[in-house]
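*Asks:* Residue numbers (the numbering used here), protein chains in the order written: chain A, 1 to 284; chain B, 1 to 269.
Hint data in this document are derived by calculation from the structure and do not stem from the laboratory. Mixed in with the good hints there might be a few duds.
Said to hold, decoys possible - Computed from the model, here is a short list of chain B residues facing chain A with C-beta under 10 angstroms:
1. L25
2. I66
3. R97
4. V102
5. S108
6. W129
7. I140
8. I176
As the list claims (entries may be wrong) - Chain A regions said to be covered by chain B (calculated; three or more residues, Cβ under 8 angstroms):
9. 17 to 24
10. 156 to 165
11. 202 to 213
12. 227 to 236
Said to hold, decoys possible - Mimicking DSS-like on lysine-lysine, the simulated pairs with C-alpha atoms at most 30 angstroms apart in a straight line are:
13. A:K98 <-> A:K195
14. B:K156 <-> A:K4
15. A:K4 <-> B:K182
16. A:K182 <-> A:K101
17. B:K8 <-> B:K156
18. B:K171 <-> A:K98
19. A:K101 <-> B:K91
20. A:K195 <-> B:K8
21. A:K4 <-> B:K8
22. B:K91 <-> A:K195
23. B:K179 <-> A:K132
24. B:K91 <-> B:K8
25. A:K195 <-> A:K101
26. B:K91 <-> A:K187
27. B:K169 <-> A:K98
28. A:K101 <-> B:K171
29. B:K179 <-> A:K101
30. B:K169 <-> B:K156
31. B:K182 <-> A:K182
32. B:K182 <-> A:K98
33. B:K171 <-> B:K182
34. B:K171 <-> A:K187
35. A:K182 <-> A:K98
36. B:K8 <-> A:K172
37. B:K182 <-> B:K169
38. A:K98 <-> A:K172
Yeah, the Cβ is synthetic: ideal placement off N, Cα and C, and Gly gets one too.
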Amino acid sequence: MSGKLFRNFSFLSATLSFFLLVGIFAILFTYAQDAMHAFGIDFLFNETWEADEDDEGGVFGGFIPIVGTLLSTIIAMVIATPLAMGIAIFLTEIASPKISKGVSVAIELLAAIPSIIYGMWGLFYFAPIVQKTVGGDGVGLLTAGIVLAIMIIPFMASITRDSMNTTPLVLKESAYAMGATKFEVIKDVIMPYAKGGIIGSIILALGRALGETMAVAFLIGSVMSLPHRITDPTTSIPVLLANNFAEAQDLEMSAMYYLALVLFVVSFVIISAAKFYFFGKKAK
Amino acid sequence: MNRLFVNKLILGLSTLSAVIGIGFLFWILITLSYKGITSIHWSTFTNDLVEGGIRNLLVGQFTMAILASFLAVPLGMMAGIYLREYGHGSKLASVIRNLSDVMMSAPSIVIGVFVFALLVDPFGGYNGWAGIVALAIMMIPIIISTTDNMLALVPKELREAGIALGGSKHKIILQIVIKAAKVGITTGILLSFARIIGETAPLLFTSANNQFFTMDLNGQFPSLTVSIYNLATYPDEASRELAWAASFILTMIVLCINLIGRFVIRNKK
Chain A
1 MSGKLFRNFS FLSATLSFFL LVGIFAILFT YAQDAMHAFG IDFLFNETWE ADEDDEGGVF
61 GGFIPIVGTL LSTIIAMVIA TPLAMGIAIF LTEIASPKIS KGVSVAIELL AAIPSIIYGM
121 WGLFYFAPIV QKTVGGDGVG LLTAGIVLAI MIIPFMASIT RDSMNTTPLV LKESAYAMGA
181 TKFEVIKDVI MPYAKGGIIG SIILALGRAL GETMAVAFLI GSVMSLPHRI TDPTTSIPVL
241 LANNFAEAQD LEMSAMYYLA LVLFVVSFVI ISAAKFYFFG KKAK
Chain B
1 MNRLFVNKLI LGLSTLSAVI GIGFLFWILI TLSYKGITSI HWSTFTNDLV EGGIRNLLVG
61 QFTMAILASF LAVPLGMMAG IYLREYGHGS KLASVIRNLS DVMMSAPSIV IGVFVFALLV
121 DPFGGYNGWA GIVALAIMMI PIIISTTDNM LALVPKELRE AGIALGGSKH KIILQIVIKA
181 AKVGITTGIL LSFARIIGET APLLFTSANN QFFTMDLNGQ FPSLTVSIYN LATYPDEASR
241 ELAWAASFIL TMIVLCINLI GRFVIRNKK
């Protein structure tokens, strides 16, 4: 292969990410046109999702899946953030290198388990426990949120650990020499130093939780109704897409594309924010 | 006294978080192993889904993941090579690097929707190719980022030595730089393979599923993960058992590939 050809091929491959991203946006936007014309921006705040008898039209609003997505993500973040911080602190400041290594591998294996397994396990083992202790049907917002939290913890913990590890030893030693306790060193030296990476990891995990499909599909209950209690079943954008996208017709299909577009744009914004503001433009 | 107490409390809570994290891993693995092993029979591996086994599903899932890798690995590696070796430092490379990172976190279900619009809808039905493309789209950004990062670790001196010997740029990349980064890139490929072989969402409405053994990528293609999703929701005990068996086997496959990937790195060091 000549040098020029090689270079051109590598350049084309590199531009592929750009074209994929633009392509996804363009396709979703085009297919969502019908729903956009029919419902406009009110789509986001309308809770009706009803097809007409003849399956050709109907009224479709994305409010319920949007709320479901947001609430399950919030529950997951509230649970996952402190636990992930704790794990990162344990790994960097408490455990001996040997234990830290072992626990790191375990946490990373937890991250490698496919999401459908979390769903299966959650449905048959975790949902009954939630039902017994908190009430409700077992499946619902709370169960989905908790299992979602377990899924994003490893991800958040390992990025947080990496940013905490970048704190220069000298800074920590100086603080210890002043008589600071371990917690004070963590709070006043490591946390401020690693702040960008930590907030970035939280935002990236948030993006992941928003788009998670399979685990939530098993656990959120998949019903088109607004939850009134935390244990109530509802649905989310990815779950609605997973269960109903393929069977949808015409306008309903277009509304599904609209929802997919909303999800895509929101996660795009979230991930970009995490990258630019918190991880900075790393000059590698 | 107070600050010593707070210190102990926080350190205790942190340790507890780690215990909770590990506790969940073992809880999931133990229940999965128990349910899985008691549900596996010899026929699980020899029968197709239609007869209560997963033979066709395993073959289907691996076929799609392997073919997706054939698509994603060269493209991803070439893109990574561009970012690090040709475009390094340029504005374009940094934009592409960021976009690729964004793609890495794009919701997998959205990729499924995209591929449906591109390769299923216009061709009149679910097909294996669509599943392969969806998986490849998931895999490419991971390969790009691994290649990029691993090439960054190759010392500049190696490249300079190549130039001093009169090697052309692409020869230096192919014969020196890539060789030096081989281990890291191999690990990245294994880890990304482990990631896509367990994917469900991008396959739901691209390749969908097939109860029968088939190698025809123009039609619906058997998938282990999609089958687990379907089987778990059936009310009968036999379907659930099969779902557990399939889940156990899938998890073992994914974790084994992961551990092999990590082992490769460690051996090198």
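*Asks:* Taking the hints in turn, state whether each one holds.
*Replies:* Tested hints:
A cut of 10 angstroms between beta carbons decides the hint on L25 of chain B: the least distance to chain A is about 5 angstroms, and the hint holds. With 10 angstroms as the threshold, the beta carbon of I66 of chain B stays out of range of chain A, its nearest partner Cβ sitting at about 17 angstroms, so the hint is violated. Interface restraint check: R97 of chain B against chain A, minimum CB-CB distance 8 angstroms, threshold 10 angstroms, status holds. This hint holds: V102 of chain B has a C-beta 5 angstroms from the nearest C-beta of chain A, less than the 10 angstroms allowed.
Interface restraint check for S108 of chain B: the shortest CB-CB distance to chain A comes to about 6 angstroms, inside 10 angstroms, so the restraint holds. Contact between W129 of chain B and chain A, as hinted, is not supported at the beta carbon level, the nearest pair being about 17 angstroms apart and thus beyond 10 angstroms. For I140 of chain B, the interface hint holds, since its Cβ comes within 10 angstroms of a Cβ in chain A; the closest pair sits about 7 angstroms apart. Using the Cβ-Cβ criterion of 10 angstroms, the hint placing I176 of chain B at the interface with chain A is not satisfied: the shortest such distance is roughly 14 angstroms.
Given as covered by chain B, the segment 17 to 24 of chain A passes the check, having 6 residues with a CB less than 8 angstroms from a CB of that chain where 3 are the minimum. A stretch counts as covered by a chain when three or more of its residues have a beta carbon under 8 angstroms from one of that chain; for the segment 156 to 165 of chain A and chain B the count is 1, and the coverage is violated. Note: the segment 202 to 213 of chain A has 7 residues with beta-carbon separation from chain B under 8 angstroms; the three-residue rule is met and the coverage holds. Residues of the segment 227 to 236 of chain A lying with their CB closer than 8 angstroms to a CB of chain B number 0, which falls below the three-residue condition for coverage.
Of the pairs offered as hints, the one joining K98 of chain A and K195 of chain A holds, with about 26 angstroms between alpha carbons and a cut-off of 30 angstroms not exceeded. Between K156 of chain B and K4 of chain A the CA atoms are separated by roughly 22 angstroms; this keeps the pair inside 30 angstroms, and the hint holds. For the hint linking K4 of chain A to K182 of chain B, the alpha-carbon distance of about 23 angstroms falls within 30 angstroms, and the restraint holds. Between K182 of chain A and K101 of chain A, the direct Cα distance comes to roughly 20 angstroms. Compliance with the 30 angstroms bound is thereby established for this hinted pair.
Of the supplied pair hints, the one linking K8 of chain B and K156 of chain B is violated, its CA atoms being roughly 47 angstroms apart against a limit of 30 angstroms. A C-alpha spacing of about 42 angstroms is found between K171 of chain B and K98 of chain A, which places the hinted pair above 30 angstroms, so the restraint is violated. Of the supplied pair hints, the one linking K101 of chain A and K91 of chain B is violated, its CA atoms being roughly 37 angstroms apart against a limit of 30 angstroms. With a C-alpha separation of about 23 angstroms, the suggested pair K195 of chain A and K8 of chain B falls inside the 30 angstroms cut-off, and the hint holds.
With a CA separation close to 62 angstroms, the supplied pair K4 of chain A and K8 of chain B exceeds the 30 angstroms bound. The straight-line distance between the Cα atoms of K91 of chain B and K195 of chain A is roughly 27 angstroms, inside the 30 angstroms bound, and the hint therefore holds. Between K179 of chain B and K132 of chain A the CA atoms are separated by roughly 57 angstroms; this puts the pair beyond 30 angstroms, and the hint is violated. Simply put, K91 of chain B and K8 of chain B have alpha-carbon atoms about 48 angstroms apart, too far for the 30 angstroms limit, and the pair is violated.
For the suggested pair K195 of chain A and K101 of chain A, the alpha carbons sit about 23 angstroms apart, so the restraint of at most 30 angstroms is met. With a C-alpha separation of about 37 angstroms, the suggested pair K91 of chain B and K187 of chain A falls outside the 30 angstroms cut-off, and the hint is violated. Taking the CA atoms of K169 of chain B and K98 of chain A, the gap is near 42 angstroms; set against the 30 angstroms cutoff, the hint is violated. The hinted pair formed by K101 of chain A and K171 of chain B fails the criterion: a straight-line CA distance of about 38 angstroms is larger than 30 angstroms.
This hinted pair checks out: K179 of chain B and K101 of chain A have alpha carbons roughly 28 angstroms apart, not beyond 30 angstroms. Among the hinted pairs, K169 of chain B with K156 of chain B is consistent with the structure: their alpha-carbon atoms are about 13 angstroms apart, no more than 30 angstroms. With a CA separation close to 40 angstroms, the supplied pair K182 of chain B and K182 of chain A exceeds the 30 angstroms bound. Between K182 of chain B and K98 of chain A the CA atoms are separated by roughly 27 angstroms; this keeps the pair inside 30 angstroms, and the hint holds.
As the CA atoms of K171 of chain B and K182 of chain B are separated by approximately 15 angstroms, the hinted pair is consistent with the 30 angstroms bound. Distance hint between K171 of chain B and K187 of chain A is unfulfilled; the C-alpha atoms sit about 50 angstroms from each other, more than 30 angstroms. Taken as a hint, the K182 of chain A and K98 of chain A pair is honoured in the structure, with Cα atoms around 20 angstroms apart against an allowance of 30 angstroms. Restraint check for K8 of chain B and K172 of chain A: the C-alpha separation of about 18 angstroms stays at or below 30 angstroms, so the hint holds.
Between K182 of chain B and K169 of chain B the CA atoms are separated by roughly 18 angstroms; this keeps the pair inside 30 angstroms, and the hint holds. Using a Cα cut-off of 30 angstroms, the hinted pair K98 of chain A and K172 of chain A holds, with the two alpha carbons roughly 21 angstroms apart.
Of the numbered hints stated above, those contradicted by the structure are hints 2, 6, 8, 10, 12, 17, 18, 19, 21, 23, 24, 26, 27, 28, 31, 34, listed in ascending order.
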